[in-house]
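S.K.: Chains as they are written, first to last, in the working numbering: chain P, 1 to 354; chain W, 1 to 299.
Please keep in mind that the hints were generated in silico from the structure rather than gathered at the bench. Some hints here could point you the wrong way.
For the chain W half of the interface with chain P, some residues (derived, Cβ under 7 angstroms), not all of them [unchecked claim]:
| no. | residue |
| --- | --- |
| 1 | PHE38 |
| 2 | ALA80 |
| 3 | MET106 |
| 4 | PHE125 |
| 5 | GLY126 |
| 6 | CYS198 |
Chain P residues, not near chain W, derived (Cβ > 10 angstroms throughout) [said to hold, decoys possible]:
| no. | residue |
| --- | --- |
| 7 | ARG78 |
| 8 | GLN121 |
| 9 | LEU144 |
| 10 | PHE311 |
Each residue gets a CB set at the ideal place from its N, CA and C atoms; glycine is no exception.
Next come the chains, spelled out residue by residue.
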Amino acid sequence: MRGAWSRPLAGLSPRASTTLWAASFIVPVLAWCAISYLPFVWHPMVRVTDPGDVAWMTPGLLVDRAAFSAENAEVAARSGRPAVGAPANPVFLPAPHAVVRALVTGFTTPPVRPEEPWLHQSLWHSIQVIFWGFLLSSIIGVPLGILCGALPAMGRLTEPFIEFFRYLPAPAFGALAVAVMGIEDAPKVAIIFIGTFFQQVLVISNTTRRIDPALLEAAETLGASRRVLITRVVVPGVITEIYTDMRVLLGWAWTYLIVAELIGVSSGITYFINQQAKYRAYERVFASIILIGLIGLVTDLVLASLGRQLFPWLRTARRGWFSALVGMLRGRGAPAPAPASNADGAAPEEVARA
Amino acid sequence: MSVAASSHLEQAPEVRARFDRLKQRPVILEVRDLSKTFTAAGRPPTHALQRVSFQLHKRELTCVIGPSGCGKSTLARLVAGLEEPTGGEMLLDGKPIHGPGSDRGMVFQSYTLFPWLTVLKNVMFGLEVSGAASSAEAQGQAKMWLELVGLSKFASAYPHQLSGGMKQRVAIARALANRPRMLLMDEPFGALDAQTRCQMQSYLLQIWKQVDITIMFITHDLDEAVYLADRILVLDAHPGRLREVMEVAVPRPRGPDQFLEPTFISARRHLEDLIHPRAAQVADKLPLFHMADAGDNVE
Chain P
1 MRGAWSRPLA GLSPRASTTL WAASFIVPVL AWCAISYLPF VWHPMVRVTD PGDVAWMTPG
61 LLVDRAAFSA ENAEVAARSG RPAVGAPANP VFLPAPHAVV RALVTGFTTP PVRPEEPWLH
121 QSLWHSIQVI FWGFLLSSII GVPLGILCGA LPAMGRLTEP FIEFFRYLPA PAFGALAVAV
181 MGIEDAPKVA IIFIGTFFQQ VLVISNTTRR IDPALLEAAE TLGASRRVLI TRVVVPGVIT
241 EIYTDMRVLL GWAWTYLIVA ELIGVSSGIT YFINQQAKYR AYERVFASII LIGLIGLVTD
301 LVLASLGRQL FPWLRTARRG WFSALVGMLR GRGAPAPAPA SNADGAAPEE VARA
Chain W
1 MSVAASSHLE QAPEVRARFD RLKQRPVILE VRDLSKTFTA AGRPPTHALQ RVSFQLHKRE
61 LTCVIGPSGC GKSTLARLVA GLEEPTGGEM LLDGKPIHGP GSDRGMVFQS YTLFPWLTVL
121 KNVMFGLEVS GAASSAEAQG QAKMWLELVG LSKFASAYPH QLSGGMKQRV AIARALANRP
181 RMLLMDEPFG ALDAQTRCQM QSYLLQIWKQ VDITIMFITH DLDEAVYLAD RILVLDAHPG
241 RLREVMEVAV PRPRGPDQFL EPTFISARRH LEDLIHPRAA QVADKLPLFH MADAGDNVE
């Protein structure tokens, strides 16, 4: 029997869905473990345990495998004591357990030099830069995007220039931003802003254009003015899609963070990562990178969950955690509207939303 | 073209009396020489409507019927103010129509309930945006309209939880809640299955009986038109012209059992003679192929 999975757009059982979700994380980790713990997979280096008669080797030194055997061959030719070592990976690929240890101890390990920030201080700094850049961009970008999408004249006036500007790489404005705004956080926020804003306007105006024109016509025949059409039809009509766009855009903002933080005085998580690389503490470099990923993933999950609370019309029967919590605090379970079949004899359609 | 016995013109005395009374009522909508031509660059212009004139009297239920492309939807959109005519004029209570307004409610074929509002809030929408009623008043009125269409139980449901027929009943309640002068219905039951459509037609007649409303109902379904209408405007396609205004001799109150009555059948037959011969000719234009087994003639 052919597996159902090969059929395009095949549905997934909840169980398969969960398993595959887990596998998408487990498979890369297993691959990493294999590379780290199985000596025959890669291990191009040798970690010296006993230098023997090789003058320049010290215990713990990582030596290229070819150089190691060449050196030992030479020592053997002089009938000296050969060096002993175990196969190892390069220093820039730490094993999973080292990275996990670095993750766990990351927040309790003081910085190498007292004037350097702690890991949590670095992360907090980065989050603030992202927050302000994204917030400022959204305050202008979301209303502008909605207007551009809703009013063709507005879109025509604004979008061609934005279309041009969005191809200018945000980091290219680094030097300019520093010249105008100094070397502290302002130019970094500006880079996040530039990187986000122009995409945001275009993405949101495109989303807004997808509103069903029949809804606008229906509202017009109900006496809606033009202002009402925008505030009470267009905005609520596209808000859920825009919310999804914003989640994607927030991910883009994070990618601009690393460049932004190199501008002026290097700071935040980028500075932290660079410092750890200088100290050759690559397990902490990896730990920091994984932390960024985790923050992104958790933020997105929280936003997705929050979205289900904010937009109750997307939900079917199941109540979300937020309304369940509110119901609990009020000491009552808010009854969800449970439509039954009616005089039509037609069963209500349940629109399943992913 | 076989012309049926002209019995569709024969009216029972009480039907004739009813039409006489109807014509005495004030004119709600007057359409004079209405034309709409669509022009697109590089294409010949499409005459969707050409010099169409008619009057709708108060509380009349008029159906507009015609082959596809005859501009019947365009007619509804023009009266609703969603399109600008290229010629002629439309008067509502003697005043010219410019743009959409809450004095003309509309029910569309596609479902146009606002998905983010509950059923009750959907019905309240028009009252709220016009500021005609306070929020509490609007809620009270909306509940009354929901009761009229039999959906009080679903006031707090969202549209996606309703069946197609229920959605259209809410749409009718939403349009009526504004107390419009007339209701435009653009193939409102076209997307529903046959049984639900039949139920909806009965619902509509029931509602129309209880509410002071003039209805212009666009349809391509001949049975639907005969079942619902006082008068039927028959449109021609390419160009869209008013071919005939037919008074339906089927007595009221109407019911599904009348589908087999002679008045119903003759009215239906007459419409069919007006509309279908052209539609059926299309198949004769197909080239002839013999791909079936000779011994297996389906006829």
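S.K.: Are the hints correct? Go through all of them and say.
M.R.: Structure-based check of each hint:
no.: 1; hint: PHE38; verdict: 17 angstroms, violated
no.: 2; hint: ALA80; verdict: 5 angstroms, holds
no.: 3; hint: MET106; verdict: 4 angstroms, holds
no.: 4; hint: PHE125; verdict: 6 angstroms, holds
no.: 5; hint: GLY126; verdict: 4 angstroms, holds
no.: 6; hint: CYS198; verdict: 11 angstroms, violated
no.: 7; hint: ARG78; verdict: 84 angstroms, holds
no.: 8; hint: GLN121; verdict: 42 angstroms, holds
no.: 9; hint: LEU144; verdict: 22 angstroms, holds
no.: 10; hint: PHE311; verdict: 7 angstroms, violated
Violation of the numbered hints given earlier is confined to hints 1, 6 and 10; the remaining hints are satisfied by the structure.
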